[in-house]
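Novice: Chain B: place on chain A using the hints.
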Amino acid sequence: MELARPVEMVLAHGVGGRQDLPIPFEAAVAGAAVALVVSFAALGFAWREPRLAGVPSYLGRSSSWVPQAVGLVVAAYFCVGLLFGPDTPDNPTAGVFYVLFWVGLVPLSLVFGPIWRNFNPLRTLHRLACALLRRDPDQGWRRLSPRVGYWPATAGLLAFVWLELVAPDRATLPVISLWLALYVVATLTGAAIYGAQWFDKGDAFEAYSTLIGSLSPITRVPPPASRKAKARSAASTNPRSKGGKSTDRAKRAPGTRSGNAYKLAWRNPLDGMAGLAYAPGLPALVIVLLGSTMYDSVSNAPVWVQFVQESDLPAPLMGTFGLLAVIGLVLALFLGATTWAARLGGATPATTAGELAHSLVPIAVGYLVAHYFTLFLFEGQHTLALLSDPLDTGANWLGTANWTLQSMGATPASIAMLQVTVIVIGHVLGTVLAHDRALTLFPHRTAVVGQIPLMALMVIYTVAGLLFLFAT
Amino acid sequence: MKSLIAIFACVVLAVTGCSASGDPATFSGPAKEITVTIAGGSVNPPPGRVEVAKGQQVKIVVTSDVPDELHVHGYDMSAGLQPNTPATVEFVADRDGLFEVETHDSEMQLFQLQVQ
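Protein chains in written order, with numbering that gives the first Met the number 0: chain A, 0 to 471; chain B, 0 to 115.
Chain A with its partners taken away, still in its complex shape (with noise of 0.2 Å):
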């Protein structure tokens, strides 16, 4: 398989060339029906007393230098080929910036948990101006109100989502260029105004590496001698955390040390999804989060490109129209299901809504993946082969100009079968926490009547999703 592309050829939509063949109708079917069968086993004979306790995500707050020297030298080497290389699709850049990262951001956080937030390389700026300034980072000009929570990430995630499937020349630098500037000065602007917290909620990838990296298997204990104190402060740092119950119900992994003297240790991704805290502005984000990646599918249907091509509207217009459509009927689902599941259960309706959007995690991550999996693995490979030329001159700095592509096993059955198999799990685990956490939200008495609503949901976005692998 050839690497080398014509270099007359005009980047003007996203990257990758090849797409997923539809999964064969019948995976669609027996996923579908899984579903239902995990539904209905989980309102039936699943526990009855709330068992998931928030355990804290193995990267925490950490000051550790290496992370945060890694993610400038890296951050550096990508404004190589964004401000010097060629506009041409030789040019890493895009699919750095759309694959390796923003895809790659999913694998990495869903091992290690929120990672980014140690690498983001805009912290480490800030961080190092405040040293100049002689500031505390922490300490803005403004006290940032708790109201604001997510909703600036879910406004610089809309804003990416966007950029990568909707806007005119995505894949071309002065577009990548033009956008970056201004993520940047807005995220700076935030952080020198609110001090370093606003990137926890402010920025669009670390509220996306937060959300998926609370699925991460792994968590860390603090050392023996200070345990008390440690477990005292990841409680209140965490509300979902019940005390001491956490660090008590992760298995301890022996032998293994952190930088911080913390101990890794394993949890149940469960527990760590439960452990994320409320914020306003969170359904949005993991609305918008799942909402983009089905506009990808659905935007690709031949009906659809039909729909838009035939239209007098510009087709960047059709799209936005199109993204925020599918966005749209995906929150009024949600919100229609969850003000249903308060009347039921006897809660109010916005408390619902807020205390449930973290059972949409898994099901948006199981989406992702299914969606972007080969194309990490195809257009990964190609990026990394592009990395060691970014100016295009025939250099190999990283020794990988030469790589070829390598399908890794990766057939249109096993991709079929993995598609389908993500999906499911991530609606098996959604449907576990709703279960859970609609035990605390609703009285005994409307626990289980009250999650039919929730079910019903989560088959309907789960059979969708399906239906789009199928279809499209």
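Be aware that one or more of the hints could be misleading.
Computed from the model, here is a short list of chain B residues facing chain A with C-beta under 8 Å [to be verified]: (1) 27; (2) 31; (3) 32; (4) 36; (5) 47; (6) 73; (7) 90; (8) 95; (9) 96; (10) 97; (11) 106; (12) 111; (13) 113.
Derived DEER-like restraints, expressed as beta-carbon distance ranges [to be verified]: (14) A:413 - B:32: 27 to 35 Å; (15) A:301 - B:60: 52 to 60 Å; (16) B:104 - A:39: 52 to 60 Å; (17) A:44 - B:48: 15 to 23 Å; (18) B:39 - A:128: 53 to 61 Å; (19) A:404 - B:84: 28 to 36 Å; (20) B:54 - A:313: 45 to 53 Å; (21) A:455 - B:54: 23 to 31 Å; (22) B:93 - A:413: 17 to 25 Å; (23) B:93 - A:192: 51 to 59 Å; (24) A:328 - B:89: 21 to 29 Å; (25) A:127 - B:60: 54 to 62 Å.
Hint data in this document are derived by calculation from the structure and do not stem from the laboratory.
Note that CB positions come from ideal geometry on N, CA and C, so glycine has one too.
Specialist: Structure of chain B alone, referenced to chain A:
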């Protein structure tokens, strides 16, 4: 509950595994010819999917009323389009997947090539 998840994961693997067919053998049949006309900013036939077998010879003939460039995504085949002059791209579809065939200046999708 962990075991519950593991069981369901196994069920899915088993079920979807059954429906998975083997790798298609190399195709040695006739070439697939696809003819598309672009006139007045609309594509005829309208954009849809064209299925070919992996290994099949594909011949794409495109006639446009304006100068443009034809591009087959993924295979990275290109051809210049002169007004009202048919341009041809021919290749062996040796990679499976879904590939967009489009014009670059007018940014229109002509069809999607489904290779399996």
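Novice: Sort out which numbered hints this structure fails and list those numbers smallest first.
Specialist: 1, 2, 3, 4, 7, 15, 17, 20, 21 and 24
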